[in-house]
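Number of protein chains: 2
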Amino acid sequence: MNVLLLAGGGGGARLACGLQDVLEPGELTVVANVGDDVEVLGLQVSPDVDSLLYALAGLIDEARGWGRADETWNALSSAGEWGGEDWFRLGDRDLGLHLVRTRALREGKPLSAVTAELAARVELLTPILPATDDRLRTQVHTPAGTFEFQEWFVARGHRDEVEDIAYEGAGDARAAPGVLQALERAAVIVVAPSNPYLSIGPILAVDEIRRAIEGRRARSVAVSPVVGGKAVTGPVDRMLSRMAGGTTPAHVAARYEGLIDMLVIDEADAPADAPVELVVTEALMRDREAAGRLATTVLEAACG
Amino acid sequence: MNVLLLAGGGGGARLACGLQDVLEPGELTVVANVGDDVEVLGLQVSPDVDSLLYALAGLIDEARGWGRADETWNALSSAGEWGGEDWFRLGDRDLGLHLVRTRALREGKPLSAVTAELAARVELLTPILPATDDRLRTQVHTPAGTFEFQEWFVARGHRDEVEDIAYEGAGDARAAPGVLQALERAAVIVVAPSNPYLSIGPILAVDEIRRAIEGRRARSVAVSPVVGGKAVTGPVDRMLSRMAGGTTPAHVAARYEGLIDMLVIDEADAPADAPVELVVTEALMRDREAAGRLATTVLEAACG
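Protein sequences appear in the order of chains Z and D.
Mapping the first sequence onto my numbering, position 254 (from 1) lands on 1426, and the numbers just tick up by one.
Mapping the second sequence onto my numbering, position 280 (from 1) lands on 1452, and the numbers just tick up by one.
In isolation and in its complexed conformation, chain Z is listed as follows (with noise of 0.2 Å):
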């Protein structure tokens, strides 16, 4: 059974790694955002790629929920020492992968053509797509100002509320070779509990994703980012509610309106009403079984 998963930050890289872990290889195909992408040092650094890959290869730091095991920090200390920037945190081990897909980059090579081949170095059987090769950049207007992404989000602690998003370059962005492909071969969409915003809305910003998601003949799952009204991790609860007016399943779906079948939303938050079908189970992946169990609920739902 093909699913797509359209996934950024910890809960995408966590559901991707439930949902490979109860499919047989290569039934999983995940769309990465890279919204979120941001040039550090001169290297092209791509979180939620990068978060994808470390989790699906067993490589993330699972306290962390982001970057490698066994991290050092040596090289960003020195370059702060020696007058670089080091808002943005790059482990030692982080930076070999990034020195490597800058330099490819450089070369000439898409984005999603490097990330194959950082793939099959480690042996990877789950396709990471970014949704783009083209250059799509999250931007955060708040009332202290517009920011990139990362500099609201990082070098601010995202403390700034967010009044609206937008996503550079999105309006030129084809999804990247396999995307349209690996949508019309699925036979269940999910969309993974990542921040609507932040991570979902910069890849259906794509025109061409959207569309093809919007004209779906497979089943559309998305798994509620919120726990009983709250954020797992980040700010979406204050998004939600600031920029939909709430943080309920109804506010939730809403965000996904014409792409979504079903919600997927925790006990805590049942129950209640939407205009998909809602789907209630234990939502919060505390560690890895949990998010097999909950890829299972998901699939099951979406196939029952």
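Hints should not be assumed to be uniformly reliable.
[To be verified] Partner residues are not named here, just some residues of chain D that face chain Z (Cβ under 10 Å, in silico):
(1) Ala1247
(2) Gly1256
(3) Leu1267
(4) Gly1268
(5) Leu1271
(6) Glu1289
(7) Val1334
Simulated from the structure, these hints should not be mistaken for laboratory data.
Ideal placement from N, C-alpha and C gives every residue a C-beta, glycine not left out.
Based on these hints, arrange chain D on the given structure of chain Z.
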């Protein structure tokens, strides 16, 4: 007393420390070899500039003789795992500097300006001037073919006998800002016990520098890189034997014909004949104190 040191490699860094220790702050200026600069993993690495910077700032790994103390190697290891080149040993702390420098060079700053900024960061009072801001690369001709310096030295372990040396770009290279002024100002010019072909040769290949030294008013003193007819480190003895016909003081002095007034040699190489005045001392710099004693001997000989 203004002293100008021409330096490259480990011997250059050690004598630079010795001279810095025995001179007043600001009296020493070092002109550094850039012929073995190399691009690795998309980063601009200047090994001789960095050895001087690390040594003079007290950051160098004394035992290894290059790179930073308390170093880790995780980024390079990771880069190798992801398919990147890992033949050139770059430590994590070292990488921090290369990231900062590479970014500044890409923004169009000349190497001399970037080096001055780095030196200011560690409050170094000894200016380190790259011989040139222009591209100048040492190429090594061997029976196995012609190699870029680092490819021959590191990747091939300098096992191929050297038949000839070329300095690519030297014909068009101008002295970096400050070099000619420092030569003009110097009361003493010191040539470090560095490899005449690989470390000092590329500096002297810059025509403006060679002419300035040929027309010097200062006393010019070289320290032989040979002790007891053998290299302290590296391939200098093999290169002198093959290309100059021997490793005696006369063979060393001939590399600097018209450019030096005296040659400092180790007791193990005396007595000897040479076309310049010989100064016999304990030339092996076993530690920082020995480097200071050698520096004092060099300066006393030049001024005596």
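Hints, one by one, checked against the model:
1. Ala1247: holds, 4 Å
2. Gly1256: holds, 4 Å
3. Leu1267: Nearest chain Z Cβ about 4 Å off; hint holds.
4. Gly1268: holds, 3 Å
5. Leu1271: This interface hint holds because 4 Å falls under the 10 Å limit.
6. Glu1289: This hint holds: Glu1289 of chain D lies near chain Z, its Cβ roughly 7 Å from the closest one there, short of 10 Å.
7. Val1334: violated, 30 Å
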